[in-house]
Structure formats: structure tokens, C-alpha cells
Amino acid sequence: EPEVTQTPSHQVTQMGQEVILRCVPISNHLYFYWYRQILGQKVEFLVSFYNNEISEKSEIFDDQFSVERPDGSNFTLKIRSTKLEDSAMYFCASSPREDRRHYGYTFGSGTRLTVV
Amino acid sequence: AQSVAQPEDQVNVAEGNPLTVKCTYSVSGNPYLFWYVQYPNRGLQFLLKYITGDNLVKGSYGFEAEFNKSQTSFHLKKPSALVSDSALYFCAVRVSMNTGFQKLVFGTGTRLLVSP
Chain E
20 EPEVTQTPSH QVTQMGQEVI LRCVPISNHL YFYWYRQILG QKVEFLVSFY
70 NNEISEKSEI FDDQFSVERP DGSNFTLKIR STKLEDSAMY FCASSPREDR
120 RHYGYTFGSG TRLTVV
Chain B
631 AQSVAQPEDQ VNVAEGNPLT VKCTYSVSGN PYLFWYVQYP NRGLQFLLKY
681 ITGDNLVKGS YGFEAEFNKS QTSFHLKKPS ALVSDSALYF CAVRVSMNTG
731 FQKLVFGTGT RLLVSP
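So the protein sequences, as listed, match chains E and B.
Numbered per the working numbering, the first sequence finishes at 135, counting up by one with no gaps.
Numbered per the working numbering, the second sequence finishes at 746, counting up by one with no gaps.
Hints listed in this document are in silico derivations from the structure and should not be mistaken for laboratory results.
Even glycine gets a Cβ: it sits at the ideal position worked out from N, Cα and C.
The reader is advised that the hints may include incorrect statements.
Straight line, CA to CA, 30 Å or less: simulated BS3-like cross-link-like pairs of lysine-lysine [claimed, not checked]:
#, chain 1, residue 1, chain 2, residue 2
1, B, Lys688, E, Lys61
2, B, Lys679, E, Lys61
3, E, Lys97, B, Lys699
4, E, Lys61, B, Lys699
5, E, Lys76, B, Lys707
6, E, Lys97, E, Lys61
7, B, Lys679, B, Lys652
8, E, Lys61, B, Lys652
Label-pair distances were calculated between CB atoms; the ranges are [unchecked claim]:
#, chain 1, residue 1, chain 2, residue 2, range
9, E, Ile39, B, Ser658, 35 to 41 Å
10, B, Ser700, E, Ile57, 32 to 38 Å
11, B, Pro746, E, Gly35, 45 to 51 Å
12, E, Pro21, B, Leu743, 29 to 35 Å
13, E, Thr95, B, Ile681, 27 to 33 Å
14, E, Asp90, B, Pro746, 46 to 52 Å
15, E, Pro115, B, Ala631, 24 to 30 Å
16, B, Asn647, E, Gln33, 37 to 43 Å
17, E, Leu58, B, Val713, 23 to 29 Å
18, E, Leu58, B, Gly646, 31 to 37 Å
Turn these sequences into a full structure, and let the hints guide you.
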């Protein structure tokens with residue numbers, strides 16, 4: 020069964036450093052998303068991406084965050100200057116064109132980001 | 631705001647007994663509801679969804695959920711629990727955004743512990 024792959028599984032970074040979280044969506048999927056889960060809290064929507072541009076973003080997704088699809092396969096989330104409160108599990112997800120209405124898109128296994 | 635609520639942080643059940651994980655929703659219009667499961671160090675795995683039609687929805691691993699419009703609930707059920715069902719369960723609702731894209735709004739999660 021096709022999977023969404025995320026790397027690394029765990030990353031520790033110092034406050035103020037830049038981090039890039041990487042995702043390889045399912046190959047024929049066209050819609051991409053990042054969600055995050057702060058420890059012990061709910062999973063929250065960050066951003067959706069389609070046709071090489073952001074289609075929607077939440078209030079969490081401020082200027083410190085950016086996404087891109089640099090090579091047609093990877094989908095990255097960059098945090099420019101990390102803060103302690105960015106510590107969370109970050110999930111990438113993708114959905115195919117015909118399932119744009121999110122009837123059950125595929126999530127990756129997540130990257131646990133720890134900012135120290 | 632459109633949301634789902636999971637009133638129980640944890641549910642304990644003995645193996646072989648039936649289990650219920652509760653979810654209530656608050657949405658305008660017809661709700662599109664989902665259940666996801668998260669095993670340790672794994673991503674969010676889709677279990678089942680309710681879009682329309684029969685109120686009893688069957689999903690993966692023997693799980694089912696009952697949509698109850700009058701009680702605005704979408705409880706997850708299984709007739710006979712397995713130890714391997716122990717995991718974190720999330721209820722979610724599809725929400726439309728201004729751009730026409732959709733996102734999932736998750737509940738806070740319920741940890742299910744099945745004892746041998």
C-alpha cells in the first residue's frame with residue numbers, strides 16, 4: 020500500500036535555528052498538507068498546498084513557516100527560526116485529485132521536533 | 631466554530647469485551663466525520679468515515695461507528711476488543727475553508743487501553 024514518508028522521525032534543534040522537515044507524498048497525489056500535534060494536545064491544521072502554491076493556511080502558520088515542493092516529489096516544511104513552542108509532532112498528508120474533498124487522505128508517520 | 635469533542639481522555643476495557651470511544655460534533659450543515667487511529671511511533675491511520683447513507687459505518691480492523699444526528703454523536707465501537715487495539719483514537723470533522731479547500735478538525739484524542 021502506498022505510503023507518505025517523512026524524514027527525519029525525530030529532530031532536536033536549538034532555539035533560533037532553522038529546520039526543514041521533509042515529506043515524500045504518494046506519487047499520484049496532488050494535494051499536500053501539514054498538520055502538527057503539540058504533545059498531549061489535538062492535531063491542528065497548518066497549511067494546504069496545491070498546484071505549487073499554498074491554498075490555505077491557519078493562524079499558526081506565520082512568517083516563520085514556509086512550504087515548498089522543490090523537485091516534484093518532496094514536500095518540505097521549513098521553520099526559519101525555531102521557538103520552544105514549535106516543539107511538536109509534525110504530520111504530512113496527501114490526497115489524490117479525485118479525493119480532494121478529504122474523504123480520508125493519507126498521513127505520514129510524523130516528525131517529532133524538539134526545540135531546546 | 632465547527633468542532634468535535636472527545637469527552638474521555640482514556641478508555642479502559644478488558645480483552646474480549648465491547649468497546650466504545652465517544653465523539654460528539656458541532657457543525658453547520660451535514661457533517662463529514664472520520665475516525666483515525668495512532669499507534670506508537672506511527673502516523674494517523676484512517677479507520678472509517680461517515681459522509682452520507684447508513685448511520686452505521688463499518689471500517690478497518692473490525693471497528694464501526696454509529697452516526698446519531700439527534701444526539702450529534704459519532705461513537706466508535708467494536709464488539710470484541712483486542713490488546714492490539716490499544717492506541718490513541720482521534721475523531722475528526724471535515725471543514726470547508728474560504729478557498730473551497732477543506733481541512734480536518736480533530737478532537738483531543740482518546741487513549742484506549744485493552745488489558746489481557
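- Message: Can you confirm whether the C-alpha distance between Lys61/E and Lys699/B stays at or below 30 Å?
- Response: holds (24 Å)
- Query: Does the Cβ pair Thr95/E, Ile681/B satisfy 27 to 33 Å?
  - Reply: holds (32 Å)
- Message: Checking one constraint from the list: CA of Lys679/B to CA of Lys61/E, max 30 Å. Satisfied?
- Response: holds (19 Å)
- For the pair supplied as a hint, Lys76/E and Lys707/B, confirm whether the alpha-carbon distance does not exceed 30 Å. The hint is violated at about 33 Å.
- Message: If I claimed the Cβ atoms of Pro21/E and Leu743/B lie 29 to 35 Å apart, would that claim hold in this structure?
- Response: 31 Å Cβ-Cβ, so the 29 to 35 Å window holds.
- Message: Between the alpha carbons of Lys679/B and Lys652/B, is the straight-line distance 30 Å or under?
- Response: Measuring from Cα to Cα gives roughly 15 Å; hence the hint holds.
- Query: Regarding Leu58/E and Gly646/B, is the given constraint of 31 to 37 Å on their beta-carbon distance met?
  - Reply: Given range 31 to 37 Å: holds, Cβ gap about 32 Å.
- Message: I want to verify a distance hint. Is the separation of the beta carbons of Asn647/B and Gln33/E within 37 to 43 Å?
- Response: Once the Cβ atoms are compared, 48 Å apart, the range 37 to 43 Å for Gln33/E and Asn647/B is violated.
- Take the C-alpha atoms of Lys97/E and Lys699/B, compute the straight-line distance between them, and say whether it is at most 30 Å. Outside the cut-off at roughly 41 Å; violated.
- Between Ile39/E and Ser658/B, is the Cβ distance one that fits in 35 to 41 Å? Holds, since Ile39/E and Ser658/B (Cβ atoms, about 38 Å apart) stay within the stated range.
- Has the given pair, Lys97/E with Lys61/E, been kept, meaning a C-alpha gap of at most 30 Å? At roughly 21 Å apart (the allowed maximum being 30 Å), Lys61/E and Lys97/E satisfy the hint.
- Query: Given a hinted range of 46 to 52 Å, is it respected by the beta-carbon distance of Asp90/E and Pro746/B?
  - Reply: holds (48 Å)
Hints 3, 5 and 16, counting from the list given before, are not met by this structure.
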